[in-house]
Amino acid sequence: MFGDALLLPRRLLREEFRSPDNGLILFYPNKPTVPGGVGGHVDNALGSDLGATLYWHLPVSMIEHRAIFKDHEFPLWNRCDWCGLTLIGQSLSMIGDPLDWIAIVMAGASWAWDLKFVVAQLLFAFSIGWLVRRTSGSLAAAVLLTLSAPFMGFFAYRYNHAAFFSLCYSPWILVAWLEGTLATELRRAAAWALFLIFANWWELNSGTAKEMSALLVFLNLAGGLVLLLAAQPVQWRVRRLAIFAWANVIFLLLSAPLWMTFLDALGSAHTSYGDAHAYQITPGLAIGLFDDIFYRQFMSLELLFNPSTNFFVLIGAMWALARARSLATERLLWAMTLPAIAAAVLAFGVIPPDVVTTIPFLKGIYHLDNTFSCVLFILLFVIAGFGLRECLARMREPGWVGDWLIMLTFVGVLVAAYFGLADAAHRVGKTFLMVGETIPKSPFFKGYASALLVALVLLPLAWRLAWLRRPAATAWAVVAICAFVTLHFRHGMYLETKFDYYTRNPKTRTDLRHLTSPGIEAVRTASAEPGRVVGLGGVMMPGFNAALGFETISGPDALMNPAMLQLVDTLGFHREADWRIVIPPQKFPALHRALDMLNVRYLLDEPGKTGEAWPGTKVLSDSDLTVFESETAWPRAFFTDALGAYKSGAELRHLVEEGDGRPFAVMPADLRGRVPLPPRDFAHRVVQAATHYHLTNNTTSFEIDAATPGMAVLMEANMQDDILATVDDEPVQSLPIDHAFRGVLIEKPGHHVVKFEYWPLVFDRALSLALIGLVALLLSFWAWWRAGRATPGTSPVETAPQEAAAIS
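Under this note's numbering, the very last position in the sequence shown is 809; numbers go up by exactly one each time.
Careful, some of the hints might be misleading.
The calculated lysine-lysine pairs, modelled on BS3-like cross-linking and capped at a C-alpha distance of 30 Å, are [said to hold, decoys possible]: (1) K588 / K32; (2) K447 / K431; (3) K756 / K648; (4) K619 / K32; (5) K749 / K648; (6) K447 / K499; (7) K364 / K431; (8) K32 / K499; (9) K756 / K71; (10) K431 / K442; (11) K610 / K588; (12) K648 / K588; (13) K442 / K499; (14) K32 / K610; (15) K588 / K619.
Simulated DEER-style distance windows between Cβ atoms [said to hold, decoys possible]: (16) L772 / G662: 46 to 52 Å; (17) W615 / L772: 50 to 56 Å; (18) K610 / L339: 55 to 61 Å; (19) F782 / K648: 58 to 64 Å; (20) E497 / R470: 36 to 42 Å; (21) V583 / S443: 32 to 38 Å; (22) G751 / Y274: 47 to 53 Å; (23) L772 / N249: 14 to 20 Å; (24) Y495 / R332: 40 to 46 Å.
It is worth saying that the hints were derived from the structure and are not from the lab.
Here the structure is a predicted model, which means the values were calculated and not measured.
The beta carbon of each residue, even a glycine, is placed where N, CA and C say it ideally should be.
Model the full structure from these sequences, guided by the hints.
Quick look at the structure:
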């Protein structure tokens, strides 16, 4: 745990990795990128996904705080992105993660997020030590790998990403299976099965989809193999397997509201992973699995493109391979090795892409390289524990030197394969490199890689010489410590070094909960009724708007509404990276009508870039940003007595761009005929803005005065079958209006209160399953507790022979 303690000062004092001073564009297009920011830069951010937390997870923790503590609702909906879309259906919100409630309760405070990262990493190191101690039986190996665990290349690759939590929580799944197998009593095994429910739940809520799914499946598979390979009678294994299978059934029932809403949303959503692809790693780069510096030489500017563990894990893993013959009877080792091989063949392209892309689950992952590398990391730590145990246990034996040389030979094979790939060119046929071409190696790589290899050679030898108290034992101990540090130092945290490009450097913490500026306050002051906010050019990155409480028309959400995407594409908006709508200032006049339709009332631009207001707009502020208000923006909700029809996207666009500029309600021609509203003169339609809005996280209500029957329209995204609508508290059908929005039929003239609520169609069913799961959990706990009272110290089902612990 000393290694984790070294991380605490940087995390908990004034620096953080979620700092806007990392150089990430948030609100302003230039550094400093938020009001009050310093404007620094994190050199090693190259290739690491800095935006995942600051564009989505941190703002979502603020959304959840407002929903729970202000609106007193469970956060199902995200009204801040894409004119509204599912939040719970994203399966990324981490609402069920106990540690995430630190951030939720504190409304996304930066220090709360830092504390979550620290605790997660501490728990990760502790779980690795636990697994190594219980599998290898070596306390020394467990301590060394506990110290090593926080210093992985993975934490530079994903230091500002929810995959950080997916990896850190996952070993506890394996802990539950392992302890349930090692338990000498069936009742104690059942207690660990209950813990498995929690461990699976924790992983499910870790904030990713790809990494979470791979770790959840593979570590449960590894745990199942631990039990199945136990050196016990078949009946003994069947009983325990039944208990753990029942625990997984309860977990699936309890978590139904999460995975059922996700699968339901996924079935109708657009994702950036629609086409089947498979990104894998060339096997010649396998050495990079243990230090990403080897991967980075293949990237321009030495960008990060895949995660790694460290060279200390390499020593342990290769030593286990060197001792393969004697370890062949270790059943626990086989339980780790078999899933590791399966993960490796997926990550390193042994299963070719044309096969992977035909497998339903795998074809949507795309990033098989880093996703299944995460699985390998956990299993490699455990495998390394066996290798280190052998290394430490045989130090006094003559055969130790032979083991050391074999380990070095295996490492040499990996190094040789790497340099062969990086330097060799084929004489004929297809070749990775042209003749005379090599992969350039940076000066830092040459020095650092040489230091790694020297330290790898010296560490076991120096430790042995110190252990055996040979001459100069103290000096050899110092050499061993220096070698150990060399294998880990680059993966630590620093304020400043001579090699910042290759290390992690946190920057000044900024509290993003209470950001204010003249431009921000101009929007808040003018917002008498609901209206969306859009930044022109690089102003206000979509997603971060939620941290300010602003709604906008795009966002970095994994599952997007196809109807909304079709609408913005039809209206001529440009989407960058699939999810971000970019509007250069010079394009605004051409898109003004379309923005009005989307209820975009406020536009933010860099000061001095635009000059005077465009026609139909007025300037509210011209300080840190120029803030425009569109005087022609459609209201969020309105009543109209006419319901038109359109036959194509081009016709809809024509209505927006060439019409009279007033709000309208139209439906596809094939649906319009089903609505019992008589045709009216569309050109002379009545349009009346709604009043008395009441917005909560999941609901929007408003009032209208209708002189005739007509349509009440809400310009918030429609989700077919997932929107509940009422008029004067009477349920009515929510209809798709204007291609992507909602409306209800007003059958009678008069004053009406209209309310829309997001409630996924599958949610009632999912809650029923969760209730069944809760009852099953309580009954299982009651049976477990009663069994303990009935026969203290033993199980009434299994009398627990002492040899139950001998599973390997």
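To see whether the hints hold, each was checked on the structure:
1. Distance restraint check for K588 and K32: the Cα-Cα separation of roughly 24 Å lies within the 30 Å cut-off, and the hinted pair is therefore satisfied.
2. With a CA separation close to 29 Å, the supplied pair K447 and K431 stays within the 30 Å bound.
3. Restraint check: the Cα-Cα separation between K756 and K648 comes to about 29 Å, which is no more than 30 Å; the hinted pair holds.
4. For the proposed pair K619 and K32, the alpha carbon gap of about 27 Å is at most 30 Å, so the pair holds.
5. For a cut-off of 30 Å, the pair hint linking K749 to K648 stands: about 28 Å separates their Cα positions.
6. Simply put, K447 and K499 have alpha-carbon atoms about 16 Å apart, close enough for the 30 Å limit, and the pair holds.
7. For the given pair, K364 sits about 27 Å from K431 by alpha-carbon distance, which is consistent with the 30 Å threshold.
8. Distance restraint check for K32 and K499: the Cα-Cα separation of roughly 23 Å lies within the 30 Å cut-off, and the hinted pair is therefore satisfied.
9. Restraint check: the Cα-Cα separation between K756 and K71 comes to about 19 Å, which is no more than 30 Å; the hinted pair holds.
10. The hinted pair formed by K431 and K442 meets the criterion: a straight-line CA distance of about 23 Å does not exceed 30 Å.
11. Between K610 and K588, the direct Cα distance comes to roughly 13 Å. Compliance with the 30 Å bound is thereby established for this hinted pair.
12. For the hint pairing K648 with K588, the CA-to-CA distance comes to about 27 Å; that is within 30 Å, so the pair holds.
13. At most 30 Å may separate the alpha-carbon atoms for a hinted pair to count; K442 and K499 meet this at roughly 18 Å.
14. Restraint check for K32 and K610: the C-alpha separation of about 17 Å stays at or below 30 Å, so the hint holds.
15. Of the pairs offered as hints, the one joining K588 and K619 holds, with about 17 Å between alpha carbons and a cut-off of 30 Å not exceeded.
16. In this structure the hint that L772 and G662 lie 46 to 52 Å apart at CB holds, the actual value being about 51 Å.
17. A beta carbon spacing of about 55 Å between W615 and L772 agrees with the range 50 to 56 Å that was offered as a hint.
18. Checked against the given bound of 55 to 61 Å, the beta carbons of K610 and L339, roughly 60 Å apart, stay inside it.
19. Between F782 and K648 the CB atoms are about 60 Å apart, so this pair conforms to the stated range of 58 to 64 Å.
20. For the pair E497 and R470, the beta carbons lie near 40 Å from each other, so the given range of 36 to 42 Å is met.
21. Separated by about 34 Å at the C-beta atoms, V583 and S443 satisfy the suggested range of 32 to 38 Å.
22. Between G751 and Y274 the beta carbons are some 48 Å apart, a value that agrees with the proposed interval 47 to 53 Å.
23. At about 18 Å, the CB distance of L772 to N249 agrees with the hint of 14 to 20 Å.
24. Our hint of 40 to 46 Å for Y495 and R332 holds, since their Cβ atoms are close to 42 Å apart.
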